Amino acid sequence: MKKIKSFPLLLGISLFVVLIVSVLIKLEILNEYVAQILSFAGINVIIALSLNLISGFTGQLALGHAGFMAIGAYAAAISVMQFNMPIFVGILIGGVVTSLFGLIIGFPTLRLRGDYLAIVTLAFGEIIRVILVNLDKLTGGAAGLKGIPYFVSAAAIESDPAVITWVPVLNFACITLTMLLILALSHNLLTSSYGRAIISVREDEVASGSMGVGSFQYKMIAFCLSAFIAGVGGGLYAFLFNYLNPTDFNFLRSVDFLIIVVFGGMGSLTGTLVAGYLLTYLQEALRFLQDYRLVIYPVLLIIMMIFRPGGIMGSKELSIVRLVRTGSLKKALQRETAADREEQA
Amino acid sequence: MSTVLHANKISIEFGGLKAVSDFSLNLESGELVGLIGPNGAGKTTVFNMLTGVYLPTSGDITLEGKSLLKKQPHVINHYGIARTFQNIRLFKEMTVLENVLISYHAHVGYNFVSGLLHLPSFKSREKEMRKNALELLSIFHIEGKQDELAKNMPYGEQRKLEIVRALATKPKVLLLDEPAAGMNPQETHDLMNLIRFIRDTFKLTILLIEHDMSLVMGICERILVLDYGQTIASGTPDQISKNPMVIKAYLGEEADFSA
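Sequence order for the protein chains is A and B.
In terms of the numbering used here, the first sequence opens at residue 364 and continues consecutively.
In terms of the numbering used here, the second sequence opens at residue 50 and continues consecutively.
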């Protein structure tokens with residue numbers, strides 16, 4: 364059988380899909396509303412991936428990812444609006460600032476074993492929200508932060524008004540490509556020795572210590588990385604909606620991400636990807652039920668927990684490479700690591 | 050012969066309970082020593098102190114002259130002590146191969162960025178680690194199962210995998226906590242030969258806790274007996290099996306029916 368390289372194949376498929384959807388948006392076959400949902404789903408996937416990294420793979424429950432997202436969003440928006448940074452740099456600054464907060468929270472908390480992180484991050488998320496309301500000089504306070512630019516600069520729109528029609532396309536492309544990059548890097552990390560060390564901490568902290576893995580160090584790495592990714596997601600959110608309000612980042616938002624992770628499968632990257640798009644779509648599709656939406660959603664979760672307690676994917680990964688190679692969906696559902704090993708052998 | 054691992058009068062108290070008191074140990078290079086005693090005598094607690102899981106309340110532990118006190122378990126492992134666990138502690142949701150690969154992490158040989166981007170150094174080192182891991186697994190006759198999840202292996206093989214995993218950290222001293230627990234006599238016999246074999250091949254010093262007397266008497270050159278946290282006897286297997294204190298600890302006081 365002819366060997367198919369996984370990297371070019373996946374890159375090709377991803378770029379192809381992004382391109383096709385972008386063209387559909389530009390031709391307005393997919394309207395602006397759908398484009399917005401697709402972009403928003405991408406952000407949800409990014410932050411759910413970051414949560415999965417710390418909760419699914421490292422086994423440390425975190426309940427404050429809306430707080431991280433908020434820091435990233437405000438840091439990115441403020442650095443672009445006040446300090447005239449390019450948008451790309453602003454998003455990176457959002458990620459770095461957020462990971463610094465991760466460092467500050469993680470340092471005292473992750474030394475302990477058990478669910479202390481959940482409590483501390485829960486409180487942290489709320490504290491951040493209150494601080495954002497009260498720092499009104501910088502953040503606009505409870506009225507929110509207005510006038511955040513699009514992914515294209517204001518100058519470009521001024522010089523050619525036609526640029527504005529590209530905004531939905533740009534939103535979708537920037538967010539989805541970032542999401543795919545984060546997905547790919549997360550997968551690489553988790554199949555490397557550093558990733559195995561992180562997973563071993565989840566599996567058994569005492570044993571991994573005795574095998575030479577410093578659990579505190581790897582919990583810190585995973586937590587700071589998680590904060591960084593959530594910050595980047597927050598930055599993208601700011602430029603997608605062009606308006607930030609502290610109430611967007613409340614505890615329920617954190618729970619939304621947790622639901623995506625649990626629904627997709629703790630410890631499955633592709634599960635998070637599938638669940639992120641599915642649940643974001645579902646939230647919109649159930650809009651006609653109005654308040655009953657909040658009933659349907661938990662019922663769905665309960666059904667899920669009864670019939671598939673591990674989530675859609677459990678801890679397995681969906682592998683497109685395997686799907687192409689064998690043409691069988693069942694084999695494609697094998698652990699991706701097995702496919703990787705085949706590659707190296 | 051030179052001293053590898055030395056424990057000088059280590060004690061530990063949990064609240065008011067003195068679990069182990071004044072335990073001393075001197076492991077010479079290449080020795081195979083047994084640590085026995087009734088349930089609750091403090092054997093595993095000794096292991097936990099030697100590997101940094103518990104900090105002794107008093108006393109000192111040195112490995113080749115370096116003090117191990119207040120060192121984190123992973124640092125002690127890097128110094129050269131590896132262990133297995135009485136209640137198997139494998140990484141259950143990981144494959145057999147991944148379980149062994151974790152132990153190579155201290156000698157991973159490529160940096161974080163290389164791991165993140167899967168650079169060539171990542172690929173060559175991963176290949177090498179994988180090859181070494183499979184070689185180790187084949188010594189223990191579990192090479193065909195490398196892609197199975199650890200939790201799906203039969204009990205005896207899980208115990209063996211724990212030993213493989215400990216060996217993969219390239220230790221100088223190997224601590225085995227009841228390696229034969231749950232094995233049938235034939236498996237225990239094979240394990241005995243295996244323990245001798247790895248001691249000679251990897252030039253190890255081994256300290257083992259075991260309840261199976263055929264194994265302890267069969268392979269240990271020296272035995273220490275713990276009871277209620279006190280060392281009540283030490284000597285060759287012959288001396289130990291005739292020691293009245295040991296017989297008393299195991300079988301209880303001789304009943305006096307004359308009264």
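Everything labelled a hint here was simulated from the structure, so no lab data went into it.
Among the hints, erroneous ones may be present.
Said to hold, decoys possible - Within a straight-line C-alpha distance of at most 27 Å, the following computed DSS-like cross-link-like pairs (lysine-lysine) qualify:
(1) Lys176/B with Lys679/A
(2) Lys58/B with Lys679/A
(3) Lys194/B with Lys219/B
(4) Lys58/B with Lys141/B
(5) Lys291/B with Lys58/B
(6) Lys252/B with Lys180/B
(7) Lys172/B with Lys194/B
(8) Lys679/A with Lys141/B
(9) Lys115/B with Lys141/B
(10) Lys200/B with Lys120/B
(11) Lys172/B with Lys679/A
(12) Lys194/B with Lys115/B
(13) Lys115/B with Lys679/A
(14) Lys119/B with Lys194/B
(15) Lys180/B with Lys194/B
(16) Lys141/B with Lys67/B
(17) Lys58/B with Lys115/B
(18) Lys194/B with Lys679/A
As the list claims (entries may be wrong) - Each pair of labels, with its calculated beta carbon distance range:
(19) Gln121/B with Ser522/A: 27 to 37 Å
(20) Arg671/A with Lys180/B: 53 to 63 Å
(21) Leu540/A with Asn181/B: 50 to 60 Å
(22) Arg656/A with Val162/B: 50 to 60 Å
These numbers come from a predicted model, not from an experiment.
In this text, a Cβ means the ideal position worked out from N, Cα and C, and glycines have one as well.
Within a Cα-Cα threshold of 27 Å, do Lys194/B and Lys115/B meet the stated pairing? 39 Å, violated
Can the restraint linking Lys172/B and Lys679/A be considered satisfied, given a maximum Cα separation of 27 Å? Measuring from Cα to Cα gives roughly 23 Å; hence the hint holds.
Against the 27 Å threshold, does the CA-CA distance of Lys58/B and Lys141/B hold or violate the hint? 36 Å, violated
Do the alpha carbons of Lys119/B and Lys194/B lie within 27 Å of each other, as the hint requires? Outside the cut-off at roughly 38 Å; violated.
Evaluate the given range 53 to 63 Å for the C-beta pair formed by Arg671/A and Lys180/B. 37 Å, violated
Measure nothing beyond the straight line between the CA atoms of Lys58/B and Lys115/B; if it is 27 Å or shorter, mark the hint as holding. Status holds; Cα separation ~16 Å.
Taking only the CA atoms, is the gap from Lys679/A to Lys141/B under or equal to 27 Å? Answer holds: Lys679/A to Lys141/B is near 14 Å, not above 27 Å.
Is it true that the C-beta distance of Leu540/A to Asn181/B lies inside 50 to 60 Å, as the hint says? 38 Å, violated
Need the status of pair Lys58/B, Lys679/A: alpha-carbon distance at most 27 Å? 49 Å, violated
Checking one constraint from the list: CA of Lys291/B to CA of Lys58/B, max 27 Å. Satisfied? With Cα atoms ~26 Å apart, Lys291/B and Lys58/B stay inside 27 Å; holds.
When you check the alpha-carbon spacing of Lys115/B and Lys679/A, does it fall within 27 Å? Violated, at roughly 44 Å.
Hey, Lys115/B versus Lys141/B, does the alpha-carbon distance stay inside 27 Å? Cα-Cα ~34 Å, so violated.
Hint compliance for this structure: hints 2, 4, 9, 10, 12, 13, 14, 16, 19, 20, 21 and 22 are broken, all remaining hints hold.
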